[in-house]
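Participant: The chain contents come next:
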Amino acid sequence: MIKFLLGRMAQMLVLFVVFLSLVWFMLQLMPGDISDTLIGNPDIPLSARIDLRERLGLDRPMHEQYFTYITNFFRGEMGVSFSRYPQDVSAVLWNALPRTLVLFLTATIFAFWLGFKTGKLIAWRRGAKTEQGLIVSGIFLQTVFYPWFAIVMLWLFGFYFGWFPIGRFIDARLWQGSPYNANELFSQMILSVIIVSVVYLVGRYVVARYSRNLLTQNRLNTVLGVVAVAALVLFWWFHPATEYVSDIAHHTMLPVITLGLVAFGATMLLTRSAMLETLGEDYILTARAKGLPDWQIRDRHAARNAMLPVTTALVLALAFVIGGGIVTETIFSWPGMGLIFLQAIAVSDIPLAVGALSITGVLALVGHLVADVLYAVLDPRIRIA
Amino acid sequence: MTAGDQKASKADLGVPVAGQTTRELTHGQHLTRVPLWQIRLRLLKRSFATTWGLFRENKMGMLGLVLIGLFAVMAVIHPILMATVWDPRVYDPIVGYDAVVTEFTVVEQVTDEATEIDLQAARLRLNPTLDVGDVVHVPTQPAPPTLTGERPHYLGTDPQGRDILSQLLFSTRAAFFLGAVAAITTVLIATTVGAIAAYFGGFIDGALMRFADLILLMPLLPVLILLSAMFEITMVTLGIMIGVLSGFGGVAIVLKSQALSIKVKSYIDAARVAGGSDWHVIFRHIVPNVLPLSFLFMMFGVTDAIAIEATLSFFGLLNVPMTWGIMINTAQTNGYLLSGTSYWWLLFPAGLAVSFLCFAFFLVGRGMDEVINPRLRAR
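Those protein sequences? They're chains A and B, same order as listed.
Numbering-wise, the working numbering puts 83 at position 83 of the first sequence, and it's gapless, one number per residue.
Numbering-wise, the working numbering puts 581 at position 196 of the second sequence, and it's gapless, one number per residue.
Just so you know, the hints here were simulated from the structure itself, not pulled from any lab data.
Given the structure is predicted, the values throughout are model-derived calculations rather than measurements.
A hint or two may mislead.
Straight line, CA to CA, 30 angstroms or less: simulated DSSO-like cross-link-like pairs of lysine-lysine [unchecked claim]: (1) B:LYS650 - B:LYS444; (2) A:LYS117 - A:LYS290; (3) B:LYS430 - B:LYS444; (4) B:LYS444 - A:LYS129; (5) B:LYS650 - B:LYS430; (6) B:LYS650 - A:LYS117.
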């Protein structure tokens, strides 16, 4: 397992360097160079331009530039943003990263959890009246024009019903004169969620280890889940910053739901077809012949095997979530990496745009790695070989 | 040269074939006199009929086909309407202009909102030399749908006074065009790459598949956004870009596994033993057998391409005159983002058009999937 992981990580690192090289190559393809973007004014004398090219290292040979570019990225030096001048690109992106991560993670987890459950059930009860409706809505969610869908969601739930705030990350009026820093508080929220999830997972592991009865296991797991959520809510309820925390949470909900819904459709359809395929296998027949209860055949025998193609699709969904993340952040004015990326593009702030794209590449890679690990955990053939 | 041609030339020479009666021989001669392309056409017709029969059972697939047909009519009807009924000055999707003009009388104190306008407001908004008692004509835009009158706008006008229906129809053509370019490029590249990787194996296979992994890793939309910031992207270049990226990526991997299963068939060995070169085997025997599956990916490719194009033009990053994405972009940049149902004709026709066209191609793709994979069919 460790060998497998190390191998995958080495592969990912190589892939990432190739990706960075591709981005660099695209930069070279651009007509002119970055000094032209910086000095568009013809009144600036030639000497100043030559001086700038020297300072940026643009006069040096190609391969040297390339190596500087790659090594600088790994040292965390991505240059200075043009549009937010004195700020470093890495500082700008570092600020935005947690917000984007939360958007991605919660949307993906929400979509996969719900999509897997629904897909499992509609495959199990094939031919039910709800099946056709769910399939059609799943396909529609998968093919709907996403920016338009986000606009409609924002209008419907933010404006018409008024359940959620319209865009942005915090309510500026509430936060005026607040003793807390939004970014710090947000990091604390993330930390608390991570701690609770780790405790929950450890609890599940302990339950699986020390209880042989599947029914007891299921019940204990449900109890664990309820306790985890309750602990999280209670902790923030009695925290002095409840008001501010709930404001952030309230702003987070609509973007997450919107992005999650679209990913949900795809997962549900995929789980359904994977389930239908496994349900035709011989071992399902064996399980039935043994007289196992229905839920055990469904959850333990069929769903676990149907999970494999769904995990593979996690990788493909990731590409969607990253693309959709940009759209979501733009429409909901969610100040994450996607919005920064698009704003940087709009004003030709190439260092910032390239930095954001590279970090997005890192995110995609890490996502792939996680999907690989999940796959290995689920499939013993890979874990052991 | 194929086996059929050789047999034909032999029969034409009148060389008797051992073990056959005269009757069989003449019958055979009759058969071989039929040109090969006719036989191929007949076979094609027959397989098409079978496929069509299977496809027709799938109601959702048929719905998709009908929807695509409707969109095709929309695409075709626009130039006809422009040439006959619609006046280009009013109905041109890009430079047309029309407005619902309302007459207002300038007064000191407004008593009737519909016919009177405040002096201050009129001077500020329209013309500083106005005075009380003047009559002003104020165009309202975006105008709601009008079904009657001299110049009806069945879907209203956009914030710049252009006819929405005309824009909608005009953009259909662009969407079809882009989808076709992207899908054809994808399939051309992916079948070639897949077949080559499967046939040669070894280093070529490894290199091509690692490259496919890399492309899969690339976040497609952000990369295209960056590219569109650096270069001028038109419809054709965008279609080719999407085609190349997905053709070398995921589709190539799937088609390669299909090609692998064909490579081990005995007729491939037969073709090689008969002296077929590598390229002959790849393009005459492997590629035609991978094609059904690649048509499936063509359908999904169209869906992706249309959605990506609409997203990019929604951000205003493409150098194209008018598409569905730009229609939504126009509504957004003019401040109608949250107008919802009160200005429904700005957001809903374009958004639904993109969604339904993608939906239709996706449904057709799913229908074809069921034809190709019998396991998916309803039992």
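Participant: A separate judgement is required for each hint: does it hold in the structure or not?
Facilitator: Hints, verified against the model:
1. For a cut-off of 30 angstroms, the pair hint linking LYS650 of chain B to LYS444 of chain B is broken: about 34 angstroms separates their Cα positions.
2. Between the alpha carbons of LYS117 of chain A and LYS290 of chain A the distance comes to roughly 25 angstroms, so the proposed pair stays at or under 30 angstroms and holds.
3. For the proposed pair LYS430 of chain B and LYS444 of chain B, the alpha carbon gap of about 22 angstroms is at most 30 angstroms, so the pair holds.
4. Distance restraint check for LYS444 of chain B and LYS129 of chain A: the Cα-Cα separation of roughly 16 angstroms lies within the 30 angstroms cut-off, and the hinted pair is therefore satisfied.
5. Restraint check: the Cα-Cα separation between LYS650 of chain B and LYS430 of chain B comes to about 24 angstroms, which is no more than 30 angstroms; the hinted pair holds.
6. Restraint check for LYS650 of chain B and LYS117 of chain A: the C-alpha separation of about 40 angstroms exceeds 30 angstroms, so the hint is violated.
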